[in-house]
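Chemist: Start from the sequences and build out the full structure, keeping to the hints where you can.
Converting from the sequence shown to the numbering used here requires adding 205 to each position, the first position being numbered 1.
Some hints could be false.
As the list claims (entries may be wrong) - Below are the DSS-like pairs computed for lysine-lysine, each with C-alpha atoms no more than 27 angstroms apart in a straight line: (1) Lys278 x Lys267; (2) Lys267 x Lys251; (3) Lys278 x Lys251.
To be verified - Estimated spans, in silico, between C-beta atoms of each pair: (4) Glu263 x Asp285: 20 to 28 angstroms; (5) Met206 x Ile270: 30 to 38 angstroms; (6) Leu209 x Lys267: 29 to 37 angstroms.
No lab work stands behind these hints, which were simulated from the structure alone.
The C-beta atom is built at its ideal place from N, Cα and C for all residues, glycine as well.
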Amino acid sequence: MAHLPCRVSVLGQEFQAEAKLRYIQELGAEQTVCIGNGRNDRLMLKAAALGLAVILEEGIAKETIQAADIVAKSINDALDLLLNPLRLTATLRS
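Modeler: Right under this line is the structure:
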């Protein structure tokens, strides 16, 4: 992946919810899109500019659903929302 304009970061096993939140705050939470389904994703989803919860085969934590802006049925559907911003507009309009 050396030729890609990205960085890989590995967070520790302990205090994952807080570590994920700190990480996106360092990136600039107001400029991030986060995707998750676990209880340890709830804080970053709430803080992100756009929090996408996905319902995977193992299910999803209720706290994660409550923290998300949108719930999608798969990771591919969540990523497709980013490729098709009009879907986001339709889902998030008031």
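Chemist: All hints are to be evaluated individually against the structure, with a verdict given for each.
Modeler: Hint-by-hint comparison with the structure:
A distance of roughly 14 angstroms separates the Cα atoms of lysine 278 and lysine 267; the hinted pair therefore holds under the 27 angstroms criterion. Straight-line distance between C-alpha atoms of lysine 267 and lysine 251 comes to about 13 angstroms, which keeps the hinted pair within the 27 angstroms bound. Between the alpha carbons of lysine 278 and lysine 251 the distance comes to roughly 19 angstroms, so the proposed pair stays at or under 27 angstroms and holds. Taking 20 to 28 angstroms as the suggested C-beta distance range, the pair glutamate 263 and aspartate 285 conforms, at roughly 21 angstroms.
Hint check: methionine 206 to isoleucine 270, Cβ distance near 32 angstroms, so the stated range 30 to 38 angstroms holds. One distance hint, 29 to 37 angstroms for the beta-carbon pair leucine 209 and lysine 267, holds here, with the actual separation near 35 angstroms.
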